[in-house]
Amino acid sequence: MPKPLALVVEDDPQLNQIFTLTLFESFEVETISDGTQALDRLTEIVPDLVVLDINLPGASGAEILEAIRANARFDSVKVILATASTHQAKELQDKADIVLLKPISPIQLRDLAERLSRVK
1369 MPKPLALVVE DDPQLNQIFT LTLFESFEVE TISDGTQALD RLTEIVPDLV VLDINLPGAS
1429 GAEILEAIRA NARFDSVKVI LATASTHQAK ELQDKADIVL LKPISPIQLR DLAERLSRVK
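Its first residue numbered 1369, the sequence shown is counted upward by one per residue in our numbering.
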């Protein structure tokens, strides 16, 4: 059985790598570090999970989240928002499946991602 696809959209190279290493055992992981590139890629794929930073170059994480939620093609996509801003977290919490405040525990991310991927 193929692994579910996780799209990690994070512009910090270290966090991108940590998120990827955290998820790779349970997911096929694709990473993108630019918001505009993420929107372009989402025209080609439908991931099972998106780990989404809010503050990105190009399109913001909020714009990407809005695009995901506005398109029925992505109805089954689970979104974990990653932000250091409690203000942004509160603003977007109703649109995301989970909001995590940075710094994020890799174990917490893995467990939540696995739990979400089973709930379709």
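Simulated from the structure, these hints should not be mistaken for lab results. A few of these clues could be false.
Below, in silico cross-link-like pairs of lysine to any residue (SDA-like), each with a Cα-Cα straight-line distance of 20 Å or less [to be verified]:
1. Lys1458 with Asn1423
2. Lys1371 with Ser1428
3. Lys1371 with Arg1409
4. Lys1463 with Glu1434
5. Lys1458 with Ile1472
6. Lys1470 with Arg1409
7. Lys1458 with Thr1399
8. Lys1371 with Asp1402
9. Lys1371 with Ser1444
10. Lys1470 with Asp1408
11. Lys1371 with Thr1404
12. Lys1463 with Phe1442
13. Lys1371 with Arg1478
14. Lys1371 with Ser1485
15. Lys1470 with Lys1371
16. Lys1463 with Ala1435
17. Lys1470 with Asn1423
18. Lys1470 with Ala1440
19. Lys1371 with Phe1392
20. Lys1470 with Leu1389
21. Lys1458 with Ala1440
22. Lys1371 with Glu1398
23. Lys1463 with Ala1440
24. Lys1470 with Ile1386
25. Lys1470 with Glu1412
26. Lys1371 with Gln1405
27. Lys1463 with Ser1428
28. Lys1463 with Ser1444
29. Lys1371 with Gln1382
30. Lys1463 with Ile1475
31. Lys1470 with Ser1428
32. Lys1470 with Ala1430
Owing to the predicted nature of the structure, the values given are computational and were not obtained by experimental measurement.
Do the alpha carbons of Lys1470 and Asn1423 lie within 20 Å of each other, as the hint requires? Between Lys1470 and Asn1423 the Cα gap is close to 12 Å, so the pair holds against 20 Å.
Verify the proposed pairing of Lys1470 with Lys1371, using a straight-line Cα cut of 20 Å. Judged against 20 Å, a Cα distance of about 26 Å means the pair is violated.
20 Å Cα cutoff - pair Lys1371, Gln1405: Outside the cut-off at roughly 23 Å; violated.
Would the pair Lys1463 and Ala1435 pass a check requiring their Cα atoms to be no farther apart than 20 Å? 11 Å, holds
Agreement of Lys1458 and Thr1399 with the hint, judged by alpha carbon distance not exceeding 20 Å: Between Lys1458 and Thr1399 the Cα gap is close to 25 Å, so the pair fails against 20 Å, i.e. violated.
So if I understand the rule, the pair passes when the alpha-carbon distance is 20 Å or less; does Lys1470 with Leu1389 pass? At roughly 17 Å apart (the allowed maximum being 20 Å), Leu1389 and Lys1470 satisfy the hint.
20 Å limit on alpha-carbon distance, applied to hinted pair Lys1463 and Ser1428: Given that 20 Å is the threshold and the Cα spacing comes to 14 Å, the pair holds.
Hey, Lys1470 versus Ile1386, does the alpha-carbon distance stay inside 20 Å? 12 Å, holds
Lys1458 and Ile1472 were given as a pair; does the straight-line alpha-carbon distance stay at or below 20 Å? At roughly 17 Å apart (the allowed maximum being 20 Å), Ile1472 and Lys1458 satisfy the hint.
Tell me if the straight-line CA distance from Lys1470 to Asp1408 falls inside 20 Å. Cα-Cα ~26 Å, so violated.
Hey, Lys1463 versus Phe1442, does the alpha-carbon distance stay inside 20 Å? Distance ~13 Å between Lys1463 and Phe1442 Cα, so the pair holds.
Taken at face value, is the distance from the CA of Ser1444 to the CA of Lys1371 at most 20 Å? With a Cα-Cα distance of about 16 Å, the restraint between Lys1371 and Ser1444 holds, given a limit of 20 Å.
Going down the numbered hints, you'll see the structure goes against 2, 6, 7, 8, 10, 11, 15, 18, 21, 25, 26, 29 and 30, while the others check out.
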